[in-house]
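S.K.: Spelled out, the chains give:
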Amino acid sequence: MGDQPILRINALTKRFNEFTALHGIDLNVRDGEFLAIVGPSGSGKTTLIRLLVGMDEPTEGAIWLRDSRIDAVPANKRPTCMVFQSLALFPHRSVGQNIEFPLKLRKVAPATRKARALELLELLRLPASYYDKRIDECSGGEKQRVALARALAFDPEILFFDEPLSALDYRLRKTLEKELKDLHRRTGKTFIYITHSLEEAMVMSDRIAIMKAGRFEQIAPAAEIYARPRSRFVAEFMGEVNLFDMVDGRVPGLRFGPRASNLFVGQTGTLVVRPESVALLAPGEEADVALEGIIESEYLLGSRVQYTVAREGAAPVTVEVLRENAVGGPGAPVVMGFGTSACHLIAPEARDAAA
Amino acid sequence: MRTSRLMGWLLVAYGCAVLAFLYLPLVSVGLASISKARYLTFPIRRYAYDWYGEALASDTVRDLLLVSLKVAGIVTVLSMVIGFLGALAFARYSWRFRKAYQKLILLPIFFPQTVLGLALLMWFNTVGIIPSWKTAVVAHLVWIAPIATLVISIRAYSFDPALEEAARDMGATTWDTLREVTIPLLMPGVISAGLFAFLLSWGNFPLSLFTTGADSTLPEWLYAKMVSGYSPLVPTVGILTVGTSAVLLALGLTAALIFKRARAARNA
Ligand SMILES: Nc1ncnc2c1ncn2[C@@H]1O[C@H](COP(=O)(O)OP(=O)(O)O)[C@@H](O)[C@H]1O
Ligand SMILES: [Mg+2]
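Chains as they are written, first to last, in the UniProt record's numbering: chain Y, 1 to 355; chain F, 1 to 268.
Incorrect hints may have been included.
[Said to hold, decoys possible] Between beta-carbon pairs, the in silico distance windows are: (1) Y:S129 with F:P184: 20 to 28 Å; (2) F:S94 with Y:S197: 54 to 62 Å; (3) F:I109 with Y:T187: 51 to 59 Å; (4) Y:S41 with F:G73: 50 to 58 Å; (5) Y:D132 with F:A250: 29 to 37 Å; (6) Y:E137 with F:P184: 16 to 24 Å; (7) F:F111 with Y:S41: 42 to 50 Å; (8) F:T244 with Y:E137: 37 to 45 Å; (9) F:F111 with Y:P91: 21 to 29 Å.
[Said to hold, decoys possible] Lysine-lysine pairs mimicking DSS-like chemistry, simulated, CA-CA at most 30 Å apart: (10) Y:K143 with F:K260; (11) Y:K107 with F:K103; (12) Y:K114 with F:K260; (13) Y:K178 with Y:K114.
[Stated by the list, open to error] Stretch-level coverage of chain F by chain Y, calculated; a stretch enters the list once three of its residues show a Cβ under 8 Å from a Cβ in chain Y: (14) 158-165; (15) 169-176.
I should point out that these hints are in silico values taken from the structure, not numbers from a laboratory.
Heads up, the beta-carbon is just placed ideally off N, CA and C, and yes, glycines get one too.
Please work from the sequences and hints to get the whole structure.
M.R.: As structure tokens, then:
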């Protein structure tokens, strides 16, 4: 509620001996937001979340929760809670006892505890009979729900997740992604969710923070990151993409029409075009930007077809079209084109800057 | 199919060999304990069970049992406590000298016990402590506490460190975490360490020989009597020794089972 961020991170740095895992990063998280932090493995996601929940201390920088600075507050005194990658369910306790754990620590009466645990089981669509089950009798997805119920029993201000779905199979992951999103809406809590899967981040989050080597590359809603990536890294991380190096308004192998020539005059940077924004041109058809090549290979993607088009003296281009617009197979020469509104120019100085 | 049958026979043969080498000597000691002869002969021609009565009535045997029990009992309890804390330092907490500690703690185990016993005796003498069953407790601990530490450490390594972090994250103090997570999870390891400690102390000869001073444990007495003054009381006491450890082992395992049941019941 309101415009004041629930969490503020200021110039946060974490060093392990000589190795710097986080390079003075900044981040604001809105109350009730679902923020996904995405990055390849080793980019510092876990390190960041451990600082935020208080399991490690930052080397430099500050963490603010609303009006209070919390970076020196120990984990057990912070109103935050984390769902671990391993889930960290207590194997020597039943499902019910696991969920009640944070309440037991607060000396809540057993009857009240149990009532709350049963409520949470219901919220997470687990039968009440699971209350007495042992943890090792639960399936992967059920364990996931128990871990969530336990975290909700704690009733944190911010709920953190460290790749909780990464060990599950595809279908279960999809189901739980939806449930998690739904849970976020129903509880109205702030969720900060780490994943290395961009797809997961896109499905669930309000905003995505892309992380690379201990820095944020870009923090924005999924659609914006997709359409206007700030760097080559982000562009490539967001899936299949064509990148063209532009120097002084020219790209070797690309023919610019008048609109493109005007737009790019004197510009230097990287031109980004998604495969689905590139069309196969019929003879005589015009486009703002045109290029040609010979189809090298073809993949069927359900209702779409993806071509890899080889070009003379330049990197191949990926094109994705609807199946009804498909043209011949490998060996066929094609002319391709895209509009200026479908592409995006990354300025060279933005390449390595942190968000 | 053929190889697996061959394998099966080999396993049976192996099992028999183990039984023969392990238990036949024990059986022969048992037989000797009921022999009527005053000296050690085999095979036994005449049997008598009087030696058991004599053993149970004898003050010497009662004292021996008492000393051995005292030593083994105290060593067990202390090994469990030291082993538990030692395992936390060994396997759970990262601290500055952990690597060195992990190596140092293994040292006494690899020391020949006779040398260890002698070294400790010399040290006790230097410091001016008169050896008794109490110094034997210390000597046993030097050797057994590291073993208990290792046994519990194996258990400590086998559970996810995130469990303790999760507890802390949900508001548990250090003591809450220990009580709610660490101790219950390490308990099976602590119980096996206790059983190990008891059996190792109860049957120990070399360390006791050097460090009990005027007191004597059962194994020491058995050896002394074997060297001079043999009577069928020797194998009788030997069998009683084995019997006691078997009973205690059974008690220990029952305790572990009860602990497990109780936990299951609490969960149910
Ligand atoms: N305790 C630590 N000691 C030394 N280096 C560490 C430690 N924890 C993490 N790192 C390093 O920090 C980097 C980021 O790790 P991590 O935050 O786990 O990445 P991610 O979760 O994004 O995969 C990695 O290179 C890792 O090796
Ligand atoms: Mg990680």
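S.K.: Confirm or reject each hint.
M.R.: Quick rundown of the hints versus the structure:
1. Roughly 24 Å separates the CB atoms of S129 of chain Y and P184 of chain F, a value that falls within the hinted 20 to 28 Å.
2. For S94 of chain F and S197 of chain Y, the Cβ-Cβ distance of about 31 Å falls outside the hinted range of 54 to 62 Å, so the restraint is violated.
3. Our hint of 51 to 59 Å for I109 of chain F and T187 of chain Y holds, since their Cβ atoms are close to 54 Å apart.
4. Between S41 of chain Y and G73 of chain F the beta carbon distance is about 52 Å. The supplied range of 50 to 58 Å therefore holds.
5. Distance hint check for D132 of chain Y and A250 of chain F: the Cβ-Cβ separation is about 32 Å, which falls inside the suggested range of 29 to 37 Å.
6. Range check, E137 of chain Y to P184 of chain F: Cβ separation about 18 Å, and the 16 to 24 Å hint holds.
7. Range check, F111 of chain F to S41 of chain Y: about 45 Å between beta-carbon atoms, so the 42 to 50 Å window is met.
8. For T244 of chain F and E137 of chain Y, the Cβ-Cβ distance of about 40 Å falls inside the hinted range of 37 to 45 Å, so the restraint holds.
9. A C-beta distance of roughly 37 Å is found between F111 of chain F and P91 of chain Y, which places it outside the suggested range of 21 to 29 Å.
10. At roughly 22 Å between alpha-carbon atoms, K143 of chain Y and K260 of chain F fall within 30 Å of each other, so this suggested pair holds.
11. The hinted pair formed by K107 of chain Y and K103 of chain F fails the criterion: a straight-line CA distance of about 42 Å is larger than 30 Å.
12. About 24 Å separates the Cα atoms of K114 of chain Y and K260 of chain F, which keeps this hinted pair within 30 Å; it holds.
13. The hinted pair formed by K178 of chain Y and K114 of chain Y meets the criterion: a straight-line CA distance of about 27 Å does not exceed 30 Å.
14. Judged by the Cβ-Cβ criterion of 8 Å, the stretch 158-165 of chain F is covered by chain Y as claimed, because 5 of its residues qualify and three suffice.
15. Using a Cβ-Cβ cut-off of 8 Å, 6 residues of the stretch 169-176 of chain F lie near chain Y, which meets the minimum of three, so the contact claim holds.
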